[in-house]
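**Q** Residue numbers (numbering that gives the first Met the number 0): 0 to 56.
Where hints are given, some of them may not hold.
Claimed, not checked - Cut-off 27 angstroms, straight-line C-alpha distance, at most; resulting in silico cross-link-like pairs (DSSO-like, lysine-lysine):
| # | residue 1 | residue 2 |
| --- | --- | --- |
| 1 | K50 | K12 |
| 2 | K12 | K22 |
| 3 | K50 | K20 |
| 4 | K22 | K50 |
If you're looking for bench data, these hints aren't it; they were derived computationally from the structure.
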Amino acid sequence: MMVIFRAEIMPGKTREERTFKVKEVFANGRVALYDFPDEHRQGSFEPINFKRNLAKK
C-alpha cells in the first residue's frame, strides 16, 4: 500500500517525492515505510482515495 505525506510536512516536494510504500503497520496505528526512517502516524499522510486510479481511466 502506498501513502503520501501531506504537503505541509514535506514542503517543496512533488506528490511523487512524498509517496512511500508501507513496510509494516504497528498495533498502535503507526506505520514503518520502505526507504524512509522512523515510524509515522496516520495524520502525517493525505487521506487515501481508493477511487483515484479509477477516475483517471
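**Q** Measure nothing beyond the straight line between the CA atoms of K12 and K22; if it is 27 angstroms or shorter, mark the hint as holding.
**A** The hint holds at about 22 angstroms.
**Q** When you check the alpha-carbon spacing of K50 and K12, does it fall within 27 angstroms?
**A** Between K50 and K12 the Cα gap is close to 24 angstroms, so the pair holds against 27 angstroms.
**Q** Tell me if the straight-line CA distance from K22 to K50 falls inside 27 angstroms.
**A** 22 angstroms, holds
**Q** Check the hint pairing K50 with K20 against an upper bound of 27 angstroms on the C-alpha distance.
**A** Cα-Cα ~18 angstroms, so holds.
In summary, the structure agrees with every hint in the numbered list given earlier.
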